[in-house]
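My request is simple: use the sequences and hints to build the entire structure.
Residue strings, one per chain:
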Amino acid sequence: MRRRPGLVPLALIALSALGCGKKAEPVVDVPTSNPPAPAPVPPPPAPATNPTDPNAEAARVTAAVRAELGNVIHFDYDQDAIKPEDRPILDRKAAILQANASLRIRISGHADDRGSDEYNLVLGNKRALAAKRYLESKGIAASRIDVASFGEERPADPGQNETSWAMNRRDEFEIIAGGERLVQPR
Amino acid sequence: MRRLPLFALAVAIALGAAPAGAQDTVRVGITYRPGVLPALVVLPAPGLDSVRAIVGRDLDFSNRFEIIQLAQSAPAAPRTATPINYAFYRSLGAALALELTAGPGEQVTTRLHDLGAERMHTELIRTVDKGGAGEGRMSVHRLSDDLIRAVTGQPGIAATRIVFQNANDKRIWRVDSDGAGLVPVSPAGVETLSPVWSPDGMRVAYAHLTREGTMPIVLQTMQTGTRTVVPTTAGTRNMTPAFSPDGTGMIFARLGEPGVALYSLNVRDLCCVELLTGGRFAENFSPAYSPDGRRVAFVSTRAGSQQIYVMAADGTDQELLVPYDFGDTGNSNAPDWSPDGATIAFHREVRGAPQIYTFDLAARRQTPRTSTGRNEDPSWAPDGRHLVFISDRTGRRQLWVLDTETGVSRQIMTPASARLPAWSRPIGR
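Heads up: the sequence lines are chains A and B, in that order.
Heads up, the first sequence is in the numbering used here, so the first residue is 1 and it goes up one at a time.
Heads up, the second sequence is in the numbering used here, so the first residue is 1 and it goes up one at a time.
Because the hints were derived from the structure by calculation, they are not lab data.
Each hint should be verified, as a subset may be incorrect.
Which bits of chain B does chain A cover? Going by a derived footprint, with three or more residues having C-beta under 8 Å, they are [to be verified]:
1. 85-96
2. 255-265
3. 281-288
Each residue gets a CB set at the ideal place from its N, CA and C atoms; glycine is no exception.
Here's what the structure looks like:
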């Protein structure tokens, strides 16, 4: 394999990110036999909070809200039902989304590695959708919530025991827009 | 050509009796059921060490012969008036003898002798890479497949490759069917899933799981490494691509908000995506074409658990394919349709671990093929009798090849855990 492992994947990632799911999208060819063009490097993401912000209290609140939004929820084996004990966590996220109108999030569903590899992507999708539907039922617009599934590909805990598996059956919540300055819900 | 050095009768007797000292010169395939497979002796072939070793192993891995591999340094049998000493090799228990002789340049003459009938069964003159290294091995593997076809009338699997995902670096790797030629295919830093071969063996398709969770389908040309993101799959989440047998179409699953549905695509013009399955809260995925391209087996959760269904390639006539006991039978996944169209291989959860099953479509009979450890994601070889799958029976998940005719299995070593294998059709035909 005569590849340049560093540049080509970046180029593919960058190029594939250009398309946006429409039929007329151009086909992207990335010849690896020729020297690849310098890969466009995306600018580093803006810092979540400005450390020089004089309003230290606002920064503290933003950090606290972000931390709360990041709380994961867990699932039973091969299930996508929201557990009763996780409802308050989701209720809190719904309230935060209501209090911060420009906030958009991505919910990503994960599975433990016991089921089929390919089915676990399907299961992660169901888990992400379950949380999304719950938030929608609390009045959050569907357009503010993206979903993704990582199946068993990103374990939180690499162990092979009940505790690890339980940790891995989860939804993660990530801010994708509007998280620079957040307020606590009333 | 047949100037065989003198061979002491005492040595012949010793070989026949197989004392401990002769174990490195005669290997009788005692792992096979004796009397079922014809025994084939591979004669010493001066100047063709690599070719002889590769062909001998290919014939062994075909599981169609019991191989008696004489050491390359073994003295030849006593000369007779016949082309080879039929009686001597019969005394080793062989029914067939393979004679390889080096011709000019890269030419090799291969003669298969029928020891019982005392005549030459097949003669093949082929140009191969006598060094048998790197890409040159494929020319030797093709010779092996030609021999197998000449003897059995069936396709061989020597000149084929397997792609899989390497769990450590999440790249697609490939390996020759005999375990040689292990190399990465997809670039470093690109996380991949579910590789499949195009029917001509020129390309692979796979899902690329991005950091953001999108999953475009990528087509990669094996020779050049050129990659193409399938239009309409960038920015969306797609998995389990499958090429149609004529190479012009593809069916894949798309993860959506109502559920997971199967779509078709014209892969020649990279256009014309069509929805094949509906069902608002059902998931349909892991499609596998029948060899005539008219039907597609797939996994659906429409009745609760994951089970194997079938439909026409245009999405009509969807029905359950592999029967199961509702509430009792474990989840069934990863179907693959055999090249002769007669059998579906899949894995099913049995007492918490997946096991390989085959389903005979005509007899409607299900046969468990594995029972030890976790065994999953089967893919058929082009001969329709060998399966490659992932098993952790010796520890970490590795590629295993099972001959469904004899039950013989072997491991293909990979550097880390292997996942999601796919067996090619013959390479370079």
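Numbered hints the structure breaks, given as an ascending list: 1
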